[in-house]
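Colleague: One-letter residues, chain by chain:
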Amino acid sequence: SAVISQKPSRDICQRGTSLTIQCQVDSQVTMMFWYRQQPGQSLTLIATANQGSEATYESGFVIDKFPISRPNLTFSTLTVSNMSPEDSSIYLCSADRGRSEAFFGQGTRLTVV
Amino acid sequence: ILNVEQSPQSLHVQEGDSTNFTCSFPSSNFYALHWYRWETAKSPEALFVMTLNGDEKKKGRISATLNTKEGYSYLYIKGSQPEDSATYLCASNHAGNMLTFGGGTRLMVKP
Numbered sequence: 001s002a003v004i005s006q007k008p009s010r011d012i013c014q015r016g017t018s019l020t021i022q023c024q025v026d027s028q029v030t031m032m033f034w035y036r037q038q039p040g041q042s043l044t045l046i047a048t049a050n051q052g053s054e055a056t057y058e059s060g061f062v063i064d065k066f067p068i069s070r071p072n073l074t075f076s077t078l079t080v081s082n083m084s085p086e087d088s089s090i091y092l093c094s095a096d097r098g099r100s101e102a103f104f105g106q107g108t109r110l111t112v113v
Numbered sequence: 001i002l003n004v005e006q007s008p009q010s011l012h013v014q015e016g017d018s019t020n021f022t023c024s025f026p027s028s029n030f031y032a033l034h035w036y037r038w039e040t041a042k043s044p045e046a047l048f049v050m051t052l053n054g055d056e057k058k059k060g061r062i063s064a065t066l067n068t069k070e071g072y073s074y075l076y077i078k079g080s081q082p083e084d085s086a087t088y089l090c091a092s093n094h095a096g097n098m099l100t101f102g103g104g105t106r107l108m109v110k111p
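Respectively, the protein sequence lines represent chains A and B. For the first sequence, this note's numbering begins at 1 and goes up steadily by one. For the second sequence, this note's numbering begins at 1 and goes up steadily by one.
A few of these clues could be false.
To be verified - Label-pair restraints from in silico Cβ distances:
hint: 1; chain 1: A; residue 1: N82; chain 2: B; residue 2: G79; range: 26 to 36 Å
hint: 2; chain 1: A; residue 1: I12; chain 2: B; residue 2: K42; range: 33 to 43 Å
hint: 3; chain 1: A; residue 1: K65; chain 2: B; residue 2: G60; range: 35 to 45 Å
hint: 4; chain 1: A; residue 1: T20; chain 2: B; residue 2: Y31; range: 28 to 38 Å
What the hints assert, rightly or not - Non-contacting residues of chain A with respect to chain B, defined by C-beta distances greater than 12 Å in every case (computed):
hint: 5; residue: I4
hint: 6; residue: Q22
hint: 7; residue: Q28
hint: 8; residue: F33
hint: 9; residue: L43
hint: 10; residue: S53
hint: 11; residue: D64
hint: 12; residue: Q106
Claimed, not checked - Reference excerpt, derived from the structure (chain B facing chain A, CB under 10 Å, subset only):
hint: 13; residue: V4
hint: 14; residue: Q6
hint: 15; residue: H34
hint: 16; residue: I62
hint: 17; residue: M98
Because the hints were derived from the structure by calculation, they are not lab data. Where is the CB? At the ideal position from N, CA and C, for every residue including glycine.
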């Protein structure tokens, strides 16, 4: 199994600021994913990050709000921009090695005040 | 957009009780059903990956069944312990590689 190190584990941020979340995988993976779980809601896919190309965003999520970088096959970042209290969520990154295997970071618990 | 649903949303049981919860998913173009156990501040831990109709898997006191024709899976916990308290997530694979998650069932086991 791959190990994904996700940072920070939690943060409390002021509205209007931005936070960048990092995920480092201990081996090369083709696809990485970013999810969000708002309080009481489902774990929802934000975007798919492929190395060497722009991320693919799901309906309701846009690049200006959630810019993603994927500079190589072991690393990705998600930025939550111009935060509001509605962005308070757990953000989770994942790497996929195929249909039968997915690995996750430890999650980032974000509170926007 | 796939619709994967889990019920109940949350569940409180006493230590020693057995419990079960449900994941429902579209039956068309089904490939695999995943169950994860997610404790706060930890990575979701893979419990089972199930692909065949009628599959039944077991890991200690936890077991799961799969019905791909009607599109549901059950997760069972026998003799719940406080350390079983977590959110249990199911996710399905259909056409393509991406998982679609249900909302999770939050289990709390009281000593």
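Colleague: Could you run down the list of hints and mark each one as holding or not?
Modeller: Structure-based check of all given hints:
1. A:N82 to B:G79: 26 to 36 Å: violated, 49 Å
2. A:I12 to B:K42: 33 to 43 Å: Hint violated: Cβ distance 20 Å, outside 33 to 43 Å.
3. A:K65 to B:G60: 35 to 45 Å: With a Cβ separation near 42 Å, K65 (chain A) and G60 (chain B) satisfy 35 to 45 Å, so the hint holds.
4. A:T20 to B:Y31: 28 to 38 Å: holds, 34 Å
5. I4: The assertion about I4 (chain A) is violated, with a minimum of 7 Å to chain B.
6. Q22: holds, 15 Å
7. Q28: The claim stands: Q28 (chain A) keeps its Cβ more than 12 Å from every Cβ of chain B (closest is about 16 Å).
8. F33: violated, 7 Å
9. L43: Since the minimum Cβ distance to chain B is about 4 Å, L43 (chain A) lies within 12 Å and the statement is violated.
10. S53: holds, 16 Å
11. D64: holds, 23 Å
12. Q106: violated, 5 Å
13. V4: At 8 Å from the nearest chain A Cβ, V4 (chain B) passes the 10 Å test, so the hint holds.
14. Q6: Holds - the Cβ of Q6 (chain B) comes within 10 Å of chain A, reaching about 9 Å at its closest.
15. H34: Where the cut-off is 10 Å and the nearest Cβ of chain A is about 7 Å from H34 (chain B), the hint holds.
16. I62: Violated - the Cβ of I62 (chain B) stays beyond 10 Å from chain A, reaching only about 19 Å at its closest.
17. M98: holds, 7 Å
Violated hints, in rising order: 1, 2, 5, 8, 9, 12 and 16; the structure is consistent with all others.
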